[in-house]
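Engineer: Sequence:
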Amino acid sequence: MEIKFEVFNRFVFEAVEETMLAANIRPISSPLPAVLENSSSFALSRQNAAPLAKFKPSRISTSLRSSLQSIVAPEVDQDFTSAQTRVKILSEALPFIQKFRGKTIVVKYGGAAMKSEALQASVIADVVLLSCVGLRIVFVHGGGPEINQWLGKLNIEPNFLNGLRVTDASTMEIVSMVLVGKVNKQLVALINKAGGTAVGLSGIDGRLLTARPSPNASQLGFVGDIASVDPTIIRPLIDNNHLPVIASVAADATGQAYNINADTAAGELAAALGAEKLILLTDVAGILEDRNDPESLVREIDIKGVKKMIEEGTIAGGMIPKVNCCVRSLAQGVRTTSIIDGRLKHSLLLEILTDEGAGTMITG
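Heads up, the sequence shown is in full-length UniProt numbering, so the first residue is 1 and it goes up one at a time.
Wrong hints could be hidden among the right ones.
Unchecked claim - Here are the simulated DSS-like pairs of lysine-lysine, each with C-alpha atoms no more than 25 angstroms apart in a straight line:
1. 153 to 185
2. 115 to 153
3. 99 to 88
4. 182 to 115
5. 185 to 115
6. 193 to 103
7. 182 to 193
8. 115 to 193
9. 153 to 182
To be verified - Pair by pair, the computed Cβ-Cβ distance ranges are:
10. 253 to 169: 16 to 26 angstroms
11. 293 to 173: 37 to 47 angstroms
12. 181 to 332: 29 to 39 angstroms
13. 283 to 233: 23 to 33 angstroms
14. 218 to 240: 35 to 45 angstroms
15. 313 to 252: 29 to 39 angstroms
16. 152 to 283: 17 to 27 angstroms
These aren't lab readings, by the way, just hints derived from the structure by calculation.
Just so you know, these numbers come straight off a predicted model, no measurement behind them.
Here a beta-carbon is modelled for each residue, glycine too, at the ideal position from N, C-alpha and C.
Between the sequences and the hints, there should be enough to build the whole structure, so can you do that?
Structural biologist: Dropping the structure here:
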C-alpha cells in the first residue's frame with residue numbers, strides 16, 4: 001500500500017501550522033516543499049511482523065493508520081487535497097504531537113542515513129518538521145565514512161579494534177577536523193536551509209562532554225569514554241526553539257581531545273537532559289528475534305527482555321553496545337528508547353507519529 005509521502009507530510013504540516021496559529025504560536029515556514037520536491041512514493045505500512053508472545057506487541061494506541069489507509073489510490077490525487085482528509089489526518093496526528101510537544105528527543109544520526117543523499121534529505125525533513133511542531137530535537141552525529149575518506153586522501157590507513165577506531169594523535173586531528181569542521185557545519189547548513197534554526201556544537205564546547213581515556217587506551221589511543229555531561233549550554237538553545245547539532249568529540253580536563261562513540265554520546269546527553277526519548281538510527285531493522293529473518297522484528301521490549309536476549313545470544317555483535325546504550329539511558333531516567341531503521345525514508349516520522357514505528361522500542 002503506497003501513498004505519496006510528501007502529500008502526507010504537507011497535510012500534517014499545514015494542519016499543525018493552523019493549530020499553532022490558533023494557539024497563538026508563531027509557526028516556522030514549511031521546509032518540506034524544498035526538501036521533498038523530488039521525493040519518491042513511500043510505503044507507510046511496513047510488513048507486519050507477528051507479535052512475539054514474550055514481548056509487548058503494542059506501541060501507542062492512537063494511530064494514523066486508518067487515515068493513511070484511506071488515501072491509497074494515487075490515481076485520484078483530488079481526494080488527497082480534500083478538506084475532509086486534511087481534518088481526519090490532523091485529528092489523528094494531534095495526540096502524537098500533544099504527547100511529544102515540548103519534550104526533548106535526542107536523535108543519534110549515522111549509518112546508511114548519513115551516506116545516502118536521499119536518506120539524508122528525509123532525515124533533515126523529519127527533524128525540521130518535528131522541531132516546527134514543538135518537539136525539542138537534539139541531534140548527535142558521528143561521521144565514520146567521511147573520516148575514512150579524508151584519512152585516505154592523506155595516505156593514512158584506518159585501523160579498527162573490536163569495531164572501535166584506533167585513534168593516534170594524527171588520526172585524532174583528522175577526526176576533529178572532519179566531525180567538527182566539516183560534517184557538523186554541513187548538517188547545520190542543511191537544517192537551516194530546510195527552515196530550521198540549527199546551532200553546531202561539539203562535546204568540547206561549554207564542557208558539554210568531559211572525556212576520560214577508555215580502559216583500552218594503550219591499544220585504542222585517543223578513544224574516550226564520557227566522564228561527565230554538563231548540558232548548561234544546550235538548555236537555552238532548546239528553550240528558544242533552536243536545534244543543537246552535536247559532533248561526538250570531547251576533551252578531558254587537560255584539554256586533550258578524544259573520539260567518542262556517537263551512540264554513547266547521544267545516550268549520556270539524553271540522560272542528562274531528562275529526555276522523553278532517545279532514538280538511534282542504524283543500518284538494521286531493529287532487534288530481531290531471528291537475525292536471519294528481517295520479518296522477526298521485535299517492535300517493543302523491556303529491559304528484562306533485552307537482557308534475556310543478550311544472555312541467549314539472540315542480540316550479539318554490534319547490536320550489543322547499542323542496546324546497552326539504550327538500557328543505560330533508561331536506567332538514568334529516559335522514558336523510552338528506540339533503535340530504528342535509518343535505511344527507511346522518513347523513519348523518524350514513522351517512529352514518532354505512528355504506532356507501528358520504524359524499529360524496536362525499548363522501555364524501562
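Engineer: Now, for every hint given, state plainly whether the structure supports it.
Structural biologist: Each hint tested on the structure:
1. This hinted pair checks out: residue 153 and residue 185 have alpha carbons roughly 20 angstroms apart, not beyond 25 angstroms.
2. With a CA separation close to 18 angstroms, the supplied pair residue 115 and residue 153 stays within the 25 angstroms bound.
3. Proximity of residue 99 to residue 88 is assessed by CA-CA distance (about 18 angstroms); at most 25 angstroms being required, the pair is judged to hold.
4. A C-alpha spacing of about 14 angstroms is found between residue 182 and residue 115, which places the hinted pair at or below 25 angstroms, so the restraint holds.
5. Distance restraint check for residue 185 and residue 115: the Cα-Cα separation of roughly 16 angstroms lies within the 25 angstroms cut-off, and the hinted pair is therefore satisfied.
6. Restraint check: the Cα-Cα separation between residue 193 and residue 103 comes to about 24 angstroms, which is no more than 25 angstroms; the hinted pair holds.
7. Restraint check for residue 182 and residue 193: the C-alpha separation of about 16 angstroms stays at or below 25 angstroms, so the hint holds.
8. For the proposed pair residue 115 and residue 193, the alpha carbon gap of about 19 angstroms is at most 25 angstroms, so the pair holds.
9. Among the hinted pairs, residue 153 with residue 182 is consistent with the structure: their alpha-carbon atoms are about 15 angstroms apart, no more than 25 angstroms.
10. Against the hinted window of 16 to 26 angstroms, the Cβ-Cβ separation of residue 253 and residue 169 comes to about 18 angstroms, which satisfies the hint.
11. Separation of residue 293 from residue 173 is about 44 angstroms and conforms to the stated range, judged on CB atoms against 37 to 47 angstroms.
12. In this structure the supplied range 29 to 39 angstroms holds for residue 181 paired with residue 332, their Cβ-Cβ distance being about 31 angstroms.
13. Remark: the range hint 23 to 33 angstroms for residue 283 to residue 233 is upheld by a beta-carbon distance near 31 angstroms.
14. A beta carbon spacing of about 44 angstroms between residue 218 and residue 240 agrees with the range 35 to 45 angstroms that was offered as a hint.
15. Between residue 313 and residue 252 the C-beta distance comes to about 36 angstroms, which sits within the given range of 29 to 39 angstroms.
16. A hinted range of 17 to 27 angstroms holds for the C-beta pair residue 152 and residue 283, which are about 21 angstroms apart.
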